[in-house]
Every structure is written in structure tokens, then in C-alpha cells.
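Colleague: For reference, the chains in residue letters:
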Amino acid sequence: MKEINYWQAIAEALAEEMERDETVFIIGENVQEAPFMATRELIQRFGPERVMDAPLSELAIAGATVGAACAGYRPVCDLNFADFIYCAADEILLKAAQQNFAHAGKVNAPCVFLGVAGGGFGTGPEHSHVPSAMVLNNPGLKLVLPSTPYDAKGLMKTAIRDNNPVCYFFHKKLMGLKQEIPEDEYLIPLGQADIKREGTDVTVVATLYMVHHALEAAKQLEGKISVEVIDPRSLEPLDMDTIIESIKKTNRVVVVDEDTQRCGVAAEIGQQIMELAFDYLDAPVARVCSANMPVAGAEMEKYCIPQVEQVVAAIQSVCY
Amino acid sequence: MSNLTNTDKIELYRKLVHTRKHDELNVRMASEGKLRTFYHSAQGHEAIGVGACSVLHKDDYLYPHLRGHGIPYVVGKGMDPKPSVSEHLGKATGWGGGITGVHIVDKENGIFAQGGTIGSAFVLSAGFALAAKKNGTGQVCMCFVGDGSVQRGQAHEAMNLASCWKLPVVWVVENNLMAWFTPCCDSFALKNIADMAKSYNMPGKVIDGMDVFAVREAAEEAVDLARKGDGPSMLECKTYRFRPHSEGRPDVCHYLPRSEEEIAEWKKRDPLVLCQKKLVKEKILTKNLIDEIELEADEKAKETEKFALESPYPDPSILNTLVYAP
Numbered sequence: 001m002k003e004i005n006y007w008q009a010i011a012e013a014l015a016e017e018m019e020r021d022e023t024v025f026i027i028g029e030n031v032q033e034a035p036f037m038a039t040r041e042l043i044q045r046f047g048p049e050r051v052m053d054a055p056l057s058e059l060a061i062a063g064a065t066v067g068a069a070c071a072g073y074r075p076v077c078d079l080n081f082a083d084f085i086y087c088a089a090d091e092i093l094l095k096a097a098q099q100n101f102a103h104a105g106k107v108n109a110p111c112v113f114l115g116v117a118g119g120g121f122g123t124g125p126e127h128s129h130v131p132s133a134m135v136l137n138n139p140g141l142k143l144v145l146p147s148t149p150y151d152a153k154g155l156m157k158t159a160i161r162d163n164n165p166v167c168y169f170f171h172k173k174l175m176g177l178k179q180e181i182p183e184d185e186y187l188i189p190l191g192q193a194d195i196k197r198e199g200t201d202v203t204v205v206a207t208l209y210m211v212h213h214a215l216e217a218a219k220q221l222e223g224k225i226s227v228e229v230i231d232p233r234s235l236e237p238l239d240m241d242t243i244i245e246s247i248k249k250t251n252r253v254v255v256v257d258e259d260t261q262r263c264g265v266a267a268e269i270g271q272q273i274m275e276l277a278f279d280y281l282d283a284p285v286a287r288v289c290s291a292n293m294p295v296a297g298a299e300m301e302k303y304c305i306p307q308v309e310q311v312v313a314a315i316q317s318v319c320y
Numbered sequence: 001m002s003n004l005t006n007t008d009k010i011e012l013y014r015k016l017v018h019t020r021k022h023d024e025l026n027v028r029m030a031s032e033g034k035l036r037t038f039y040h041s042a043q044g045h046e047a048i049g050v051g052a053c054s055v056l057h058k059d060d061y062l063y064p065h066l067r068g069h070g071i072p073y074v075v076g077k078g079m080d081p082k083p084s085v086s087e088h089l090g091k092a093t094g095w096g097g098g099i100t101g102v103h104i105v106d107k108e109n110g111i112f113a114q115g116g117t118i119g120s121a122f123v124l125s126a127g128f129a130l131a132a133k134k135n136g137t138g139q140v141c142m143c144f145v146g147d148g149s150v151q152r153g154q155a156h157e158a159m160n161l162a163s164c165w166k167l168p169v170v171w172v173v174e175n176n177l178m179a180w181f182t183p184c185c186d187s188f189a190l191k192n193i194a195d196m197a198k199s200y201n202m203p204g205k206v207i208d209g210m211d212v213f214a215v216r217e218a219a220e221e222a223v224d225l226a227r228k229g230d231g232p233s234m235l236e237c238k239t240y241r242f243r244p245h246s247e248g249r250p251d252v253c254h255y256l257p258r259s260e261e262e263i264a265e266w267k268k269r270d271p272l273v274l275c276q277k278k279l280v281k282e283k284i285l286t287k288n289l290i291d292e293i294e295l296e297a298d299e300k301a302k303e304t305e306k307f308a309l310e311s312p313y314p315d316p317s318i319l320n321t322l323v324y325a326p
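Residue numbers (the numbering used here), protein chains in the order written: chain X, 1 to 320; chain Z, 1 to 326.
Hints were generated in silico from the structure; no laboratory data involved.
If you're wondering where the values come from, they're calculated on a predicted model, not measured in any experiment.
One should not assume that every hint holds.
Stated by the list, open to error - Here are some of the chain Z residues that sit facing chain X, going by a computed Cβ distance under 8 Å:
1. Ile99
2. Gly101
3. Val105
4. Phe112
5. Thr117
6. Ser120
7. Thr137
8. Gly138
9. Cys164
10. Lys278
11. Val323
For every residue, glycine included, the Cβ atom is placed at its ideal position computed from N, Cα and C.
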């Protein structure tokens, strides 16, 4: 085992896959210096042909990614902020997502769209969002949301090897998070949830930084309520089986998600729980999400995105 | 032009006639209500796709324009246009398996994708060209767009990126002076789109898009540059569409009918007529050969129609299997 932090885990996965497969390359804005760390130190090892600093042109970067992917490469496209997916929406939502379907499965587009997501640094409405629901609304895209260094590495390696476009959003607040991971190579399949903490009274489903809010809430409630925390790790594909199995045991559930509440991930997961496990529920599904407003910056941010106290309150509200 | 043999010249003429006949077939089937989707006729535009694609190698990448829904380009590249009509009838033997009714894909011939939001052509073709450059085998990408595509941001992002990275791509702009119903004179600040190329430090040329030989010559030059590693170029081919923007739509400029005099004037320079006249004058085409080519193209179009009508529809159960690649 070795200790590694979150961004190092992503960079290590990229390096291993670039070493293993010469069709893998990185394209994006400032990927050589890497302000968000994920691609840091790869330039020294792989050179500018495979770690390509592009103009600030999200449509061109994403379009070139899709084009190269169709022609046999496995590009990793670094959008910097996940919010910038909107700048490249035509190419990611209409082209990458629909490539395989719209061309009868004859040419697919294996690529990864990398973006740093979420709040915590007061960066305001255009740099703090986790645009999960929007991705899920575009069938053809997969969505990976790692909450730990171990997951970040194993999921990135799988995402690169996947034959489809995968959105991989990592969280700003997790960059320095450390964990021991195996020295040897490992992969984590997409669509396999991880039980981050076992419990018996209530199930909390959360991804990315919200997993850590859930774990903190579970700690605060220790001795009073036994909380099980499930991290789906990818929302497409989504492992509902693990969630449903947990609910059969706890009969109560809270979904925590950093995306906007309205028409969001928690609403989708909540509805699926109703369809698959209604008879096991002893309380309505509760959700804690970002408020139905843009994400404010600076001091106002905390009123927009989920806080630990809200997760604690939601757990208490279903444990009557 | 000097390097074209008489056989090459006749072949270009033959391709123009085949393109026109297949386009006429789609237009007729659209009017009969047999096409299950929309259709944007290429009539008037044929010389561009035919002339430029005739210089491509089989392994060069191609992004076709929406005009003729790909017919002029695949015919130019020497492919069989048969799957076009099948696709438009929603049949499984279509280019895209009848899934979208319009998209072309043919991996063997370097056609990987087509998009419906114009402008994407620019950035996707930059990606194909990036792959071509990485392959290091001298491949180029040729991408066809309309004047309307150049009005989207992707055009400018792609031209800048491709010129910075010296990507082997040739952008052929088919300027028919009208994007949908809005004329270029009201939507471009420049007279010639090719002038934009200067801003991105790449060659840009204005070509007579009705003259298949002029298009071919310019394409050859641009492809040579790209193959040598000298980067992208733009060819602006001035042309005119003889039919409405799409079949069944009103044929207007803004909201008023297009000028009949203008249409008649441009039809005097019909690319097929120009080519035929030139080759007759050069005594390369004879009356017999003209008739023979006409007959052959009619037969081919009939065969295409029969093939499309007799082909099966895709099984709807495959839809769910296509959302994600295995």
C-alpha cells in the first residue's frame, strides 16, 4: 500500500493508461501546468504531443476530442471547470453522447470529459456547479463522480478504457484528501456502488464531496442513529441494486446531491426507490440538494449548497 | 488541369451526372411522401463535392455537407451512393442503418460521423485531422460546410486551433449566398468568406463552384499542402442552390419569393452543363458517350430505388442497444 492524495490518484491513473495505450492523450486548457492538478507532471513524462495545451476554445477542444475518438484515439478532454461543459454543449451533448446511436453503432467515441466540480471556494455561479442531472439527461454519456483517492484512480482507468464518452467530475474540496491505495494496478467497474459506512437505521445515498458530508453526519449521530452511507460512484451506469438492498435493511433513505434540487439526481433516485422498493419504506424519501437557485459566491455560497447540518436534519426527519 | 487525362475528365462528368440523378431521385421520392425525413437538395452544388472529393485517397477522412445529404461527396470519392436513399426511407441498409434517416457513416472510407447542428463540422473535422496527423501516414481530412456554418463560433475556434497545430484539414465552403432564407449580404460583414482565412494565417481562396475542374484543381493544391504538413486551408466555392433550402419548404429570400431571374441566370451556369460544354468543345465527350452516361446513371438510380424499397426496416429492439457502445 502507499499513501496518495486525490489529485495524485487521478494523475497516476492517467499516466498508467498513457503508458499502456499510446492512443490515449490529453487535450485541454492549461493541461501542462494543470491548475486543478489532475494532469500535473504529465507534460514532463509524455511531452506536448500527448499533453496538449489548447486555445481557450471549449467547442474546438471538445469537438477535436470527439473527432479523434471516432478516428481511433482515446482522448481525455480537460474542461477545467465542470461548468464549462455548457460552453462545449453542442459537441458533448449532441455529438459525443449521440455518436454511437446516430451512426448505428458503426463508429463510437471513446473519450473522457474531465472537469473539476462543486462549491467550497466561493467561486460563484459559473465555477461551482456539479452539472450531473444535465449529463444524465443526455443518454449516451456516462457519469463518474469519485469521492476518494482509491475510487478516483480505479474509476479513471476504467473510464479511459470504456468505449463511450464518460464525464468524470472530481471535486475541488477533495484535492488534498489522502488515502492508502494498493501499489499494484487495479480497476473499479463503472456501475458498482460502494458502501462507505455500514449502518442499520437509515441509508444515505451521496456522491463526491457529499459522501463526506454524509460520513460526518453519521459520525455526529453515532450512538443515536446508525447510518449506512452508499456512494454509487457512477450515476450512469447506476447501481440501484446496492441501494435497494440497503433500504430493505434500513427502510429509510436520504439522498444527498450537490446538483440543483429541481429535476435533479435525488429526484431521479428517489423515484426509482419508489418504483423498486415502495413496500420497504417506512418514511418518505428525503433529499438534500443545492437550492433551486444559482450557486452564490463568497459568503453567500453556504446558503446554496448542502451543509452537514442539513444532512443531519434530514436523517433525523426520516427516523421518526 | 494539365495532369488530368481524358478519362479523368469523363469520370468527373460521369460523377456529376450520377450525383444529379440520385439527387433527383431523392427529390421525387420526397414529393411522393416516400422519404421518412427531410431532404436538402444538392442541385447546383454538385461540382464542389464531386470535384474536391475526386482528389482524396480511400483512407483520407471526409466530412460531407448536408447538401444532397452526402451524395456529391461519396460519388466524388468513388463510393456507391446506394445507401443514401435507403437511409432516407429509414431502411436498415442505409448508411446509418436507418436509425436517424440522414446521417452518413462509412468507416472504411473515412466517414466517421455527421452532425445536424451545422458548425460542428468544423470542430469534428479538426479532430479527424488531429487523428490523421497523429497517425503520421499522410492522411488528410476534407470537410464540406455551407456559408451558414461559418457563422457559428465553431468555425472560428476550429480554424484557429487547426492553424496553430498545422492540422491537415481542407475546409470547403459551399457558399450558395443564402443560409436557410437569409442572404449572405445581410449576414456576413465580409464579401468573401475566404478572406477570414487570413485572420487565421492560412490560405483562403475563392473558387468558381460551378466549374468542377476549377474546384478539383484548387482542392488538389490544398490537399497537397495538408499532406506536406503545411496545415489547413479554406476554399470558398461560390455556388447557387437550384431548389429550396429543403424539399417542401417555401423558396424565399427573407420572406419574399426568390428572384426567378436570378435562378434562371445561375442555371445557365449549371455545373453539368458547363462541364459537358467544355468536354464537347475539347472533343472528349461525344453525343454517344453523353447518352451512354445518362442511361447508365438512370439505371443506377433505378437500382438504388429498388434496393431501398425492398430493404427491410431496422428492428426497433436494436435502438436500446445503440445508446452505449459495448
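Colleague: If a hint holds in the structure, say so; if it does not, say that too.
Modeller: Here is how each hint holds up against the structure:
Because the closest C-beta pair between Z:Ile99 and chain X is about 5 Å apart, less than 8 Å, the hint holds. Because the smallest distance between the Cβ of Z:Gly101 and any Cβ of chain X comes to about 10 Å, over 8 Å, the interface hint for this residue is violated. Checking Z:Val105 against chain X: minimum C-beta separation of about 4 Å stays under 8 Å; hint holds. Look at Z:Phe112: its Cβ gets to within about 4 Å of chain X, closer than 8 Å, so that hint holds up.
Hint on Z:Thr117 holds. Least Cβ distance to chain X is approximately 5 Å, under the 8 Å limit. Checking Z:Ser120 against chain X by beta carbon gives a least distance of about 6 Å; that is within 8 Å, so the hint holds. A distance limit of 8 Å between C-beta atoms decides the matter here; for Z:Thr137 the minimum to chain X is near 12 Å, and the interface restraint is violated. At about 15 Å, the closest approach between the beta carbon of Z:Gly138 and any beta carbon in chain X exceeds 8 Å, and the interface hint on this residue is violated.
Because the closest C-beta pair between Z:Cys164 and chain X is about 7 Å apart, less than 8 Å, the hint holds. With its C-beta approaching chain X no nearer than about 37 Å, Z:Lys278 sits outside the 8 Å limit, and its interface hint is violated. Among the interface hints, the one on Z:Val323 holds; its C-beta lies about 5 Å from the nearest C-beta in chain X, closer than the 8 Å criterion.
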